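K.L.:
Read off the chains here:
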Amino acid sequence: MSTQMLTYLFVGLSFALYIGIAIWSRAGSTKDFYVAGGGVHPVVNGMATAADWMSAASFISMAGIISFIGRDGSVYLLGWTGGYVLLALLLAPYLRKFGRFTVPDFIGERYYSQAARIVAVICLIFVSFTYVAGQMRGVGIVFSRFLEVDVSTGVIIGMAVVFMYSVLGGMKGITYTQVAQYCVLIFAYMVPAIFISIMITDNPIPQLGFGAEVNDGSGLSVLQKLDGVLLDLGFSPYTEGSKSTIDVFAITAALMFGTAGLPHVLVRFFTVPKVSDARLSAGYALAFIAILYTTAPAVASFARLNLVDTVHNTAYEDAPEWFGNWESTGLIAWQDKNDDGIMQYGAGAALSPIKPSFDGNTGVHGERLLNNQPTESANEVYIDRDIMVLANPEIAGLPGWVIALVAAGGVAAALSTAAGLLLVISSAISHDLLKKTMLPKITEKQELLYARIAAAVAVCIAGLFGIYPPAFVAQVVAFAFGLAAASLFPALLLGIFSKRANKEGAIAGMSVGLVFTFTYIAYFKFVAPELNNTEYWLWGISPEGIGTIGMLLHFAIAIGVSRLTAKPPQMVQELIDNIRIPSGAKAAAKH
Amino acid sequence: MNSDQQTNQDSDISQMDNQKYYWQANLKLLAKLLVVWFTVSFGCGIVLADWLDQFSVFGFKLGFWFAQQGAIYVFVVLIFVYARQMKVLDRQFGVGDENGADQESQP
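Note that the protein sequences, when read in sequence, are chains A and B.
The numbering of the first sequence is the working numbering, which starts it at 15 and goes up by one.
The numbering of the second sequence is the working numbering, which starts it at 2 and goes up by one.
Keep in mind that the hints were calculated from the coordinates and are not lab data.
Among the hints, a few may not be true.
Calculated pairs, DSSO-like style, for lysine-lysine (alpha carbon to alpha carbon, straight line, at most 30 Å) [stated by the list, open to error]:
hint, chain 1, residue 1, chain 2, residue 2
1, B, K21, A, K369
2, B, K21, B, K88
3, A, K513, B, K21
4, A, K513, B, K29
5, A, K581, B, K29
Cβ-Cβ distance ranges computed for the label pairs, FRET-style [stated by the list, open to error]:
hint, chain 1, residue 1, chain 2, residue 2, range
6, B, A26, A, L578, 26 to 36 Å
7, A, A542, B, R85, 45 to 55 Å
8, A, S256, B, S57, 19 to 29 Å
9, A, Q128, B, Q25, 31 to 41 Å
10, B, T40, A, V541, 53 to 63 Å
11, B, K29, A, Q18, 56 to 66 Å
12, A, Q128, B, Q20, 25 to 35 Å
Keep in mind it's a predicted model, so treat the numbers as computed, not measured.
Beta carbons are placed, not taken as given, at the ideal position from N, Cα and C, and that holds for glycine.
This is chain A alone, in the form it adopts within the complex (with noise of 0.2 Å):
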């Protein structure tokens, strides 16, 4: 069977088991449909964390950045495996004490206040959807590139299959796709990895693989060489940064205090039954991460040595089949500057604007020509770094089911994270806004339909991003996790640990937090894009990582505030008092 059938098959049988779960957990309440009920085991909680939490982004583009930042690519790894540390042992048991449905919620009820909770609505929603446009467009590159469909017929396929199990099961749909996703995602992560783990170094672990000496009898070990070549090359060496210390800190600080205030993960660790459950399930769920987190970086490693060694010096002519197949998607490009008719790859950009366009000729090698630019730099080559996951199974050679796994498994990750995402933003309208803000009065079967309402107009909007991407919407969702940073994770954490936070605390913390870090992106990024360097950032701190000062701004703030205006409501203490013990854990209920 060709690749081609193979991926429409396993694509498809994919989507035939989400479809079929969707159907067998429907959802009957508000409370299947918001936490699943709230009886979901620690372990099958953690592998639906995992994957609600592995993204496109995971997925497809995390090892594809590593493979060319090298060393400083750590920011990604610590940060968003770290912020669980944080999530496990300081927000997931006392939510979960908690026990309602949603994040505002916590905030609404912790802060006695209608204010706060709807601050919390407006973070939550930025937050969710800047996200969620990210995932859309990752469904739409693994469609385009693997099921040779256009990018819009992808994403309203992943539409519609989304539709049915997030908008007909809620939570409980959703955590029970999420499983097999992960099951799908993991799977097809690894097993590329494991055989080009043993082709370079004979090592089937791909954790010890990248350590261990290349397999060509150099006796040089694979960062070893890595480094040696991409210097030859004149990059800088794979395994030194070349990012200052204070800016890698602030980011991966940003990353790790966003990953444990984003509310798809939070709201995760309400479905459980119990307090303990939901610490013990932090711990499945990082280690179910873990896996594709510890071998990303060792996947990074070979696709860069695996690329140099196929692409540099290669006469176009003798190009590998893959090189022509991401060529026609536009994500690979060549220019022949010298007119050899061989590729030269090396530092710096190919093409003056970076990005390619093509105009539709040939040239003499059959290479499709570009409008760009040539550059001074004498690198001819332009890769588009999202493509190494996706293409390491062909540039390593691997038979055809391999790369129709990877296709399945790209998809898995973006549909799960999405699928999450929408259920929280529709969670936050129909429960927050509406039952406790605008409409007490409805019953539960009419909020239960709203939930659906809302989830069908959610993932409507996140299909209208998929298909019209807005140009900032890559470039901003690293900065979902600034703002959570900034906004949400210091509010939760105080609202926890300190009983004299309160209502006029919280809300200046959070609109300080919030607005801070949303000014400081949008103007270097949209504002004033060409100040956009060290020498004009606040203590040498990229837009990335301004959220970690966004953050102790708001600590600074809600702290200051709250010493100067009255404290709490006794009530407020007693619920606080409550949230710190674990026993009497109810279910999450309706209030």
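With chain A held as given, fit chain B onto it using these hints.
P.N.:
This is chain B only, laid out in the frame that chain A set:
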């Protein structure tokens, strides 16, 4: 004030003390674990990474290994240690949720 009320009040107070000590023990555990969390990630993986790179482990430069592998393993272990230690504290102070499901009907 009759003696019944007196006993009730006493048990309320001792229960509050119990909760207070439980919370302090919890904070102490958190502090210990977070020190480790900070040391392996921000310490070994970032600030000290360049210095640690002179040592080598499993064929990796040590700082690089912490940043891309080691810290992640430690994170996983930290959460399981936390879950276990908290279970011990819960039991010790009698505030555990072993019978959590039984109390579902309470407000």
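K.L.:
A separate judgement is required for each hint: does it hold in the structure or not?
P.N.:
Against the structure, the hints:
{"no.": "1", "hint": "B:K21 <-> A:K369", "in the structure": "violated (60 Å)"}
{"no.": "2", "hint": "B:K21 <-> B:K88", "in the structure": "holds (17 Å)"}
{"no.": "3", "hint": "A:K513 <-> B:K21", "in the structure": "holds (13 Å)"}
{"no.": "4", "hint": "A:K513 <-> B:K29", "in the structure": "holds (18 Å)"}
{"no.": "5", "hint": "A:K581 <-> B:K29", "in the structure": "holds (26 Å)"}
{"no.": "6", "hint": "B:A26 <-> A:L578: 26 to 36 Å", "in the structure": "holds (32 Å)"}
{"no.": "7", "hint": "A:A542 <-> B:R85: 45 to 55 Å", "in the structure": "holds (51 Å)"}
{"no.": "8", "hint": "A:S256 <-> B:S57: 19 to 29 Å", "in the structure": "holds (22 Å)"}
{"no.": "9", "hint": "A:Q128 <-> B:Q25: 31 to 41 Å", "in the structure": "holds (34 Å)"}
{"no.": "10", "hint": "B:T40 <-> A:V541: 53 to 63 Å", "in the structure": "violated (39 Å)"}
{"no.": "11", "hint": "B:K29 <-> A:Q18: 56 to 66 Å", "in the structure": "holds (60 Å)"}
{"no.": "12", "hint": "A:Q128 <-> B:Q20: 25 to 35 Å", "in the structure": "holds (30 Å)"}
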